[in-house]
Amino acid sequence: MKNSFVIKKLGFYDSEKGYWRTLFKDEPHIKELRPFVKKIEGKERDLSPEELYGLVEILLGKNTRSDSLSGEAFRDLANGFGGFAVLDLLQHNERLTADNLVFFERNSEHAKELAPLVMSLAHKINSSEMLALFKLSKRMQDTDKALFFKFLNNCEANKLFVYIKLLCLLNQHKIHIDNLVALLTDAKDVLFIHQIIDTLVSVNSGLLTATNVAKTLQLKHPYYFSKLFKVLPITQEQFDDLLGVEGTLDKSSFAEEIIKAFNSAGWELKPWLKQILTPTKYSIDVAFAIQKLREIKVPSEHLFLILTHVFNYPHASTDFAEAVVILSEIGLEDKELKILCGVIPEPVPVAKAIVILKKEQSYREETLNVVRTYPEHARGLALGLVFFDKLGTPASEACKTMLQHPECAEMTTRVLEYLRENNLHKEPIALAVCQSRISQGAFLSLLKTMKKAGLLNQSNLELLFPKMSFIKTLASAANCLAHVDKLDQDNFSSLIIDPINSLFLAKNLGGRPYPKSLKFFSDNGAKSFDNICEKAQILAQVKRQGGFFMAMTKEQEHSFQQATGKTISKVQDETLIKIASYCGNNGLDAETEHHVASTTYLSQK
1 MKNSFVIKKL GFYDSEKGYW RTLFKDEPHI KELRPFVKKI EGKERDLSPE ELYGLVEILL
61 GKNTRSDSLS GEAFRDLANG FGGFAVLDLL QHNERLTADN LVFFERNSEH AKELAPLVMS
121 LAHKINSSEM LALFKLSKRM QDTDKALFFK FLNNCEANKL FVYIKLLCLL NQHKIHIDNL
181 VALLTDAKDV LFIHQIIDTL VSVNSGLLTA TNVAKTLQLK HPYYFSKLFK VLPITQEQFD
241 DLLGVEGTLD KSSFAEEIIK AFNSAGWELK PWLKQILTPT KYSIDVAFAI QKLREIKVPS
301 EHLFLILTHV FNYPHASTDF AEAVVILSEI GLEDKELKIL CGVIPEPVPV AKAIVILKKE
361 QSYREETLNV VRTYPEHARG LALGLVFFDK LGTPASEACK TMLQHPECAE MTTRVLEYLR
421 ENNLHKEPIA LAVCQSRISQ GAFLSLLKTM KKAGLLNQSN LELLFPKMSF IKTLASAANC
481 LAHVDKLDQD NFSSLIIDPI NSLFLAKNLG GRPYPKSLKF FSDNGAKSFD NICEKAQILA
541 QVKRQGGFFM AMTKEQEHSF QQATGKTISK VQDETLIKIA SYCGNNGLDA ETEHHVASTT
601 YLSQK
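So the sequence shown is numbered by full-length UniProt numbering: it starts at 1 and just counts up by one.
Computed list of lysine-lysine pairs in DSS-like fashion (alpha-carbon distance at most 27 Å, straight line): (1) K150 to K174; (2) K292 to K281; (3) K281 to K230; (4) K17 to K31; (5) K527 to K516; (6) K220 to K281; (7) K426 to K400; (8) K467 to K452; (9) K605 to K554; (10) K260 to K292; (11) K527 to K543; (12) K215 to K135; (13) K124 to K165.
Derived from the structure by calculation, the hints contain no laboratory data.
Quick caveat, the model's predicted, so the values are computed rather than measured.
Let's have the full structure, built from the sequences with the hints guiding it.
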């Protein structure tokens with residue numbers, strides 16, 4: 001309000017007042033106004049907040065607000081604040097302060113609409129916070145001011161608290177929000193909006209611009225943005241890059257963990273950040289991989305190669321990282337790392353193989369080529385190559401045979417090692433072992449059982465090799481006899497002579513699937529044998545009682561036999577025998593399972 005406006009109103013009163021007022025004395029409140037006007041005379045200027053307050057005190061002193069000339073002058077002056085209704089409301093709420101009067105004087109045209117909103121809000125926030133809101137709203141359009149104060153009034157207490165903190169922060173740094181009202185009222189998760197802006201201020205206040213504030217208010221996922229922003233280097237470029245992928249940050253749940261691991265390891269983020277922030281279904285694998293790599297402190301000269309592979313092949317990143325960790329035991333070298341990069345499906349066995357070869361002094365181009373050619377079986381091949389190197393026979397027929405069956409290399413080597421410990425590893429036996437294509441533990445188990453019974457010798461091995469197709473059956477039969485101390489040379493020879501019936505023989509000799517008082521250590525093959533026998537008996541009994549199959553007429557049976565060359569009864573028996581054989585769960589050799597099922601089933605007919 002200009003001083004000239006107040007002076008003019010008093011002058012108008014003086015020019016229009018009646019003869020008697022001129023002759024005798026002023027109206028009491030006009031009399032009070034005169035010294036105030038005397039003080040503000042001079043060059044045209046805005047009244048100070050204190051002067052506005054003094055003026056309003058005089059105005060509110062006039063209780064009779066009639067249509068008299070003095071009443072009209074006071075009403076015009078009060079309208080400079082929105083009218084007596086606004087001033088009365090301020091006085092009634094004990095909010096008649098210089099700051100409030102300045103605000104309503106500047107917004108006199110809409111003061112009646114704003115006053116109830118401001119008064120209501122004044123009970124929820126302190127005076128300094130209100131002053132900050134006044135300053136922030138100074139440049140707003142009138143409609144935006146009403147929307148702004150109405151929105152704040154309708155906020156829940158917790159949300160209002162955060163909004164006020166945010167607005168005070170913006171005011172403190174002189175950020176104009178006159179064009180941001182709609183964004184402020186529509187912003188999601190203002191708590192995290194505040195955290196982001198606070199982070200900008202705390203790291204680099206130069207980044208707190210109206211443009212960056214506007215972008216922050218428009219975030220779809222401020223919670224995820226805030227989490228990542230706190231762990232990233234705070235630069236304008238970084239801020240813009242993060243905004244570029246903001247729409248998918250809610251799916252980048254492992255990005256924060258990966259970034260923290262990078263920061264902890266001291267690795268440069270920039271080359272990989274776009275891939276880190278781009279969510280895939282393999283992000284969890286990448287996170288695990290990065291954590292593993294961070295723990296081993298990858299040398300800087302190998303870091304680019306390793307991280308490039310991790311991010312280019314995220315589906316295989318966990319296994320690759322595990323392989324790198326394994327390889328780090330002997331020191332990382334580019335040559336071996338590139339080999340791991342070239343065996344994407346199975347890097348772990350290859351890494352284990354390289355470590356074995358190096359530790360056992362069997363590392364050379366020839367052995368390296370073998371293990372990377374068969375990555376899935378690399379570890380077993382490495383063990384085999386080391387074994388023959390130690391014997392000094394890397395070019396032997398046995399070694400060549402082992403390499404022809406890489407899937408059997410590990411178990412074959414374990415058997416050869418056991419035989420070497422028992423001085424039974426000469427070339428003919430080693431060759432026979434390699435030719436047997438051992439892929440399961442039954443053979444080694446049988447050798448250990450034979451050793452305990454004093455039967456592990458070259459002659460028995462020579463008896464055993466031709467029967468390798470029944471190795472599971474023989475191992476279980478020998479175990480059953482060993483559990484009752486009946487595994488001697490005669491009984492062992494009997495088992496070897498008729499391996500397919502060896503479990504029947506072991507049972508007839510009193511064999512037991514488990515050691516005395518240790519039933520839970522029951523032999524797996526013997527359990528399969530018992531299960532097949534039990535199911536075959538049940539199936540035969542139910543069949544005998546007319547179950548499973550519908551009766552057929554003689555004509556139907558004749559027609560079936562002509563079509564298949566078999567009687568219906570025979571086909572039914574074959575079907576039930578096959579079902580019973582499947583109850584062994586591969587605990588025995590396939591031929592044995594069918595034989596046990598058939599023998600038991602047919603014995604019940």
